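Residue numbers (the working numbering), protein chains in the order written: chain A, 17 to 219; chain B, 3 to 655; chain C, 9 to 485.
Rather than coming from a laboratory, the hints here were simulated on the basis of the structure. If you're wondering where the values come from, they're calculated on a predicted model, not measured in any experiment. A virtual CB, placed ideally from N, CA and C, is assigned to each residue, including glycine. Please note that the accuracy of each hint is not assured.
Label-pair restraints from in silico Cβ distances [what the hints assert, rightly or not]:
id : chain 1 : residue 1 : chain 2 : residue 2 : range
1  : B       : TRP624    : C       : GLU363    : 20 to 28 Å
2  : A       : TYR193    : C       : THR194    : 53 to 61 Å
3  : B       : ALA8      : C       : HIS11     : 39 to 47 Å
4  : B       : LEU479    : C       : PRO468    : 32 to 40 Å
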Amino acid sequence: MTFESAVFYFFSAILLGSAAMVVTIRNSVKSALFLVLAFVSAACLWMLLRAEFLAIVLVLVYVGAVMVLFLFVVMMIDVNMAVLRQGFGEYLPIGGLVAVLMVVEIALAVSPRQLGPTRIAASLVHAPPLHMSNTRALGVLLYTTYVYPFEIAAVILLVAIIAAIALTMRRRPDTKYQDPARQVEVRARDRVRLVKMPTEPKA
Amino acid sequence: MTSALALYTAIPLVCLAGSLIAGFFGRILGTVWTHRIVILGIAIAFALSAVYALPRTMAGHDLDATVYLWGRAGGLPLTVGFLIDPLTALMMVVVTFVSLMVHIYTIGYMRGDPGYQRFFSYIALFTFAMLMLVMANNFLQLFFGWEGVGLVSYLLIGFWYTRESAIFASLKAFLVNRLGDFGFILGIAAIYTVFHSLDYATVFAHVDAARHARLAIIGGTSWHMLTVICILLFIGAMGKSAQMPLHVWLPDSMEGPTPISALIHAATMVTAGIFMVARMSPLFEQSPVARSVVLVVGASTAFFMALLGMVQTDIKRVIAYSTLSQLGYMTVALGASAYAAAIFHLVTHAFFKALLFLAAGSVIIALHHEQDLRKMGGLRRYMPITFAATWVGSLALAGIPPFAGFFSKDAIIDAVSYSTLPGAEYAFAAVLAGVFVTAFYTFRMLFLAFYGEPRMDAHTRHNLHESPWVVTLPLVLLAIPSVLAGMVLIRPLLFGHFFRGALYVRAADNPLTRMASHYHGVLAFIGTAFVSAPLYLALAGIATAWYLYIYRPELPARITHHLHGFYTVLRAGYGFDAVYLDGIAASARAAGRFLWRVGDVQLIDGAIVNGTARLVGRIAAWGRRLQSGYIYHYAFAIILGLFVLMTFFLHRG
Amino acid sequence: MLHIRPVVPEIIVFAMACVILLADLFWKRRFKGLMYGLTQATLIAASVTAYGLRDPRARVVLHGMVVQDRLSTILQIAIFALTAIVLAYSRTYIVERGVFRSEFFVLALTGVVGMCVMVSAAHFLSLYLGLELLSLSLYALIALQRDSIPATEAAMKYFVLGALSSGLLLYGLSMLYGATGSLEITRVATALAALPRHDLVATLGLVFVLSGLAFKLGVVPFHMWVPDVYEGAPTAVTLYVGAAPKIAAFALFLRLLVEGLHGLSGAWQEMLVLLAFLSMAVGNIVAIAQTNLKRMLAYSAIAHMGFVLLGLLSARVSGYADALFYALVYAFMTLGAFGIIILLSRKGFEAERLEDLRGLYQRSPWYAWMMLLFMFSMAGVPPTIGFYAKFAVIEAAVSAGFYGLAVAAVLFSVIGAFYYLRIVKLMFFDAPVDAGPLRQGRDLRWLLSLNGIAMLLTTPWAGTLIAICRSAVRGLP
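For reference, chain A alone in the conformation it holds in the complex (with noise of 0.2 Å):
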């Protein structure tokens, strides 16, 4: 066992056991911490790839930015796991049976035999060995080759923003709210009203 592969398995085991716990654990705000961790090990994975762009992305958007964003959530909304968990044992002989069955027909047709390094190395186009640095690369194909999916992910953004916003902004008729425009518009005679009035008669 090389070196790598020492790592490999190190980090998969980490990935597959955070990622187990994740889904079993009680408490959320764990199950949540285990996310990340398990993102950190893919991460690690990655880097063993040497797609070392990915890795740190999914450190910096996954890890830094959904996954606090999803333990803020978690922390407010103060989600009573045990009500979501009601039934689990009942379910979790049949859905454990199909789990292993599935997992052991995918592994089956997916083995070393089938899927080997052999075959990848053979189907897959070599590419000419990098001049330049992965991030680099990444770049290049996204504005070249891949434009048009690239773009299409940017409308699929715009959307989750309009769809998002459309969802939960709502204006409700008794909240009060400062318009910035109006106030700049505002002109003396709107709001201070000269009253002329009769001088009071003398007594």
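On the provided structure of chain A, position chains B and C as indicated by the hints.
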């Protein structure tokens, strides 16, 4: 699409358009605009047929083209296409001309009827279907038109749907026709099995190759395939053209309005069978057996139906039986390979029979829908135009020169005498005897209706007058070809090259070429009639009628009394109706009732239908419960589906 | 130089979606129907453009991401047309329910972009992204009526299950990548041809891909979301979900299974036999037990998708044409049926129960006849176009030798006829319960009538329509 094809396509379509407009918007348009629009459509169709289609084909420009591919069933393309050759063009002219006359006549005949627009819609639809039938270039479209005219005929016989007898008659016509259609579609199916195509051109081109094809029957025997096909097709023709024993619907169809009797049940639809057999002449020429069957059936119809005409008292029924008999003549001609003579007779018959029917209709209107000959008489003083028209029609029907019927009927009799098929002698005797009977019943009708003392009630007699011009105009227009058509058409149709390749006759069998060697012009043809039997038989028939109904009007009653048994048989129409209704239909109904009580109510309804419904309902309720509404159930279903697919297809070698 | 001509319709639609979003900001109060008008104009412009850019030869552009062929052109135009009709049907409905906002139109348009990307995808990546774009728009559209609990629930279910199915699809695609070394559909096809027939990796990928696709089409056993979403969503959105996306999902089958995985056709044929049978069975049988009209139509959709698969699983070009024809005919039938529900509904009343159709004939004979035409067409009663479509796909199954399945299809369509005819019975022979007025709105009424008459009057031209479908799939293997 070429301009020719476009124009041909327009011919049936204007009729269809007229029908649809009358049917859907008739109530909005009112009666006058409805008939104007429909008649305009038919007039266009007639004009195009007469001044475009006919001259074009006569100049040798035939057309066989597909207009539209509707779909495919297996390897079979379902197409709409037209084959326009002289035979088709001639039929188109006849159909549209008679149809136009009937349309005009209808304005007078149907005036004030609540179903006025509906009636126009139907007859225009009929014209459309008939045109599709004659213009078809494939069997499927032929069948479409065939069923189309059958349907419209059903609708029109039962036009006055509140009358019990009309409903009965329409049902009868439909059922009997179905019987024929069954044979017909089996024939078409057989053609498809042999030729793998339903296009006329393809089928006819491969007839020679299929000459020895045989159809295996259980037990090692086999039949000549083309004979089977021809007989099946002819069964279809027997239904539509009312040949014995499938003739029973035609007399009853007189329940429909008279214009319909003229158009459908005399001039056009009933000739569809004749047309079809003529169109299929390349097939029939390959099968002497089938032609022999055609000959015998036609001859029997020609003679025995004519006999029935002698004892009818309803004026329309007399003409109906005469139609049956004349159709028999045409069929005989087909059997004798004289296809051109059959078509010739078809054409002349269309004119003079439509004329006779419309004249009868004119009488019926004048008498306020009285059709009984015993309550007529002496009408010649009141209705001179109708009277003259009936004379012309009767002379043509009886076959007196130089009227149209004489030429075509004589040609048929002549042609039969040359036939050597089994049954030809019988056929010759039958058609010869038929001439006498025909002349007799025709003039019996004429004398009873127009001569003698008026026998209607006083009130009706005071109001008797000639019909309006919309009625008499078609009479006059139809009378002209009834006189002239024979003289003008005999040369091109029979002995000329009008049909060219449209009708196929094996050279050795062709009776017309043999007749042509004796033909020396119209006058000579008339001249030879004076030295041959048919003319004298016809004159004898007329004389007998005159003797019995004008000179000695008390005699018929006595004869009837003496020949009571014979008379009863004739009045009962040889008992066909009795056998069909009380025998076949009654036992079928009994069997049906038994199957209904036991099979339907108990087995099918009880066990199968309700049982199945209950079972399905139970499964449905169970399936509904599976739809619990919980996401994880749904997700599990997805995973399970995936699992099953994986297990089934992944690891099985 | 990038060849962007083939994607100009998509660009137009998306650009206009952005314009509408901005226009909403500035002119919302001034012009009431502006968003609606702009959306319809966009769809018309896009279909005209798509037609103008048509090219009989297939062209793969944008580095193998997009293919432009007759199939993509025809399907794009169909998607534009269907969406335009959907919007016309739902205009007054969404006004009443307070959803007449720019977001509705923007999401509808982005969904259209997603569908266009799907039908013209030549690469797994663009195919998947198009699918996600569509799905995201659908989730949001369903949930748009925020105060409606059923709608929110439906959106949630659809979202979760949709994510699951996307996962399956992606997993399958990655397996195929592993087996063939490419994501480009044509290259995958060539690479597959070189593999042994029962390659485990490729088959595993196929199973997962098929499961993901079957979910999008709503085929048993991946159908459970369909009834809940159809029922829960506002009828206008149900209309949207039920029409064009089915066409797009069907296109995925053609692009992925037929173009890409033709080498595995033996395997997917048998899988589709199973799915088609189950769909026709479950759809037709369970529909009988429904009392909610929208739910019933959902089950009918499941059954109809089974019939679509019937044409597909013949694995012949003529069968694909029949299936395509069926899918298109179905889309228009379902538009009509839901259109009638919209016609009968009004503010505060959804007209979604079967009882609400009672006695429609006495309230409005014309629309009762229209509904009768839709029901007859769905049931496959002869003079309607639905009969021809059903006939075509069953014939395709027979000609491919699946006799048992064809017999089953006929039996299930007989069972299906029951619940369609029950509606006819309710409309014509029962006394009305609801006596409210029918919805006004000239665009709805005219289009609906046209839609209904088309069920009958297109039959004589069925041959021509099938020929168009045939020309669309001519390039497929």
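Results of checking the hints against the structure:
Distance hint check: the CB atoms of TRP624/B and GLU363/C are about 24 Å apart, consistent with the given range 20 to 28 Å. Take TYR193/A and THR194/C: their Cβ atoms lie about 56 Å apart, and the range 53 to 61 Å holds. Against the hinted window of 39 to 47 Å, the Cβ-Cβ separation of ALA8/B and HIS11/C comes to about 42 Å, which satisfies the hint. Separated by about 36 Å at the C-beta atoms, LEU479/B and PRO468/C satisfy the suggested range of 32 to 40 Å.
Every hint, counting from the list given before, is met by this structure.
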